[in-house]
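If you want the building blocks of each chain, they are given just below.
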Amino acid sequence: MKTLIKTDFEKWLLSQLTEDDIGYFFTVDATKVYVYFEGEDGKTDLAHVRLQIIPSETTRPATGVKYHTGKYKLFIYGVHILLIDKIADALSDMLDEIIIEETQSFRIETGLLSTKTRGNKFYGSNNYESITEIPFYHWENI
Amino acid sequence: MGFGDDIGKEFAKIEKKRDHLIKSATVNLRSDLIEVSPEDQGELKASWEQPKQIGKYKWVITNIAPHALIIDDGRRPVHINGKDKWVGSERLPYGYSPTIEITEKALDKEFKKL
Numbered sequence: 240m241k242t243l244i245k246t247d248f249e250k251w252l253l254s255q256l257t258e259d260d261i262g263y264f265f266t267v268d269a270t271k272v273y274v275y276f277e278g279e280d281g282k283t284d285l286a287h288v289r290l291q292i293i294p295s296e297t298t299r300p301a302t303g304v305k306y307h308t309g310k311y312k313l314f315i316y317g318v319h320i321l322l323i324d325k326i327a328d329a330l331s332d333m334l335d336e337i338i339i340e341e342t343q344s345f346r347i348e349t350g351l352l353s354t355k356t357r358g359n360k361f362y363g364s365n366n367y368e369s370i371t372e373i374p375f376y377h378w379e380n381i
Numbered sequence: 166m167g168f169g170d171d172i173g174k175e176f177a178k179i180e181k182k183r184d185h186l187i188k189s190a191t192v193n194l195r196s197d198l199i200e201v202s203p204e205d206q207g208e209l210k211a212s213w214e215q216p217k218q219i220g221k222y223k224w225v226i227t228n229i230a231p232h233a234l235i236i237d238d239g240r241r242p243v244h245i246n247g248k249d250k251w252v253g254s255e256r257l258p259y260g261y262s263p264t265i266e267i268t269e270k271a272l273d274k275e276f277k278k279l
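Protein chains in written order, with the numbering used here: chain A, 240 to 381; chain B, 166 to 279.
Treat the hints with care, as some may be off.
In the PhoX-like style, the derived pairs of lysine-lysine whose C-alpha atoms are separated by at most 20 Å in a straight line are [stated by the list, open to error]:
id	chain 1	residue 1	chain 2	residue 2
1	A	K282	B	K250
2	A	K282	B	K210
3	A	K360	B	K270
4	B	K278	B	K174
5	A	K360	B	K217
6	B	K223	B	K270
Sample of chain B residues lacking proximity to chain A, with all beta carbon distances greater than 10 Å (derived) [stated by the list, open to error]:
id	residue
7	D170
8	D205
9	K270
Everything labelled a hint here was simulated from the structure, so no lab data went into it. From the three backbone atoms N, C-alpha and C, an ideal C-beta is built for every residue, glycine too.
Bound-form chain B, shown alone (with noise of 0.2 Å):
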């Protein structure tokens, strides 16, 4: 066995354990935003879908309700018939970002790691 080979096996491991990491982290991902979303009748948290993997390194977590992008721009106050309303979450005020910025954070260490 050459020297050539334990590289290739030693390169196959490491990125066996990427992808474990990512697929783990993205299915924990998507747990945690169903925790945060915040729930009047219920329709956000049911209408998160299950990761989908679109490229070799790169995950989608859908959210199908109308009002998620509402909820994902965070609260602010908007001005309608002259008044400022509020839209958006109190429970999510920077929307989704914080929970995903975790998610990213604690995976960089993950990789360090590797």
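For reference, chain A alone in the conformation it holds in the complex (with noise of 0.2 Å):
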């Protein structure tokens, strides 16, 4: 299930970034971002998201039916801590409470996005690392 989660989120996502050179990116303040899937190398010390997907199963209380829930977590990078605050903003407006994927038989919704750490700085690092998440919701037999 992990993997229909993941195809189905990344799918929407390319949709909604531009591509060059480096790769996907969105815009903040003129700024480009990068966006990098579970997997796929840095390529850039440039701004940039890492996106992770952790499932989990939860159930219906009161049908008792199974449904798949979990949480897109995004590693946001960025070399001021104002720029990583306005891609967390920016990403807020691109993921709140959105469908990603609707069909007879199933719904993909998300949450709200929700900044878990803010601010940290690696030795050797230029960037600061902000971690960021947003729950989301697979509907079955909706």
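Combine both chains into one complex, guided by the hints.
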């Protein structure tokens, strides 16, 4: 199930991005922010976001039907602390409460983006790191 | 004895059971967090403080090791000196969240039985 969710979300996210020689990006205040998916090597020190998908399974309390849920974890890297805050805001605009995919048999939708950790700095890295999370829900037989 | 008294007693009983459930779940969770903590020099494992109650149904379990937050944020590659370097623990790829979720789900089940 993880593969299915991942493919759907990645497919959707890619459709929102632009591509250049380095990779896929979106723009924040005229700065390109590259997006790397799980397993992809980082090619740049420029501002970027890395995506991690954490699936879990839960049960509908009323009917007992199992559905899939989880979190998209977005690791944000940028040279200024204000830039990573702006990237988080842009991601929030892009991802908050949207329907990623809907068919007759299922629907994937997101919740609200929240910041888990803000402003880590690793020795030797030019960038600050912030970690944001957004929950997703994968409803079946809606 | 009136109907109101019976209801009041019943509520008090449920509240007592609920307190007990939360308290024991918190104590067990601390043990689980210690158990799953990766060990190099043992600082992380040894840095879990006793649970503290900060509200009626609110408890806090703190780890005071300086690298606890990095481990809790999960395993991820960070671009350092032109290369991807992995930070976080291999043992906890998603940090402590999955361990906490197990306790939350178990607690939810117990609450439904009340």
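Do the hints match the structure? See the list:
no.: 1; hint: K282(A) x K250(B); verdict: 12 Å, holds
no.: 2; hint: K282(A) x K210(B); verdict: 35 Å, violated
no.: 3; hint: K360(A) x K270(B); verdict: 34 Å, violated
no.: 4; hint: K278(B) x K174(B); verdict: 18 Å, holds
no.: 5; hint: K360(A) x K217(B); verdict: 30 Å, violated
no.: 6; hint: K223(B) x K270(B); verdict: 16 Å, holds
no.: 7; hint: D170; verdict: 32 Å, holds
no.: 8; hint: D205; verdict: 18 Å, holds
no.: 9; hint: K270; verdict: 8 Å, violated
Of the numbered hints stated above, those contradicted by the structure are hints 2, 3, 5 and 9, listed in ascending order.
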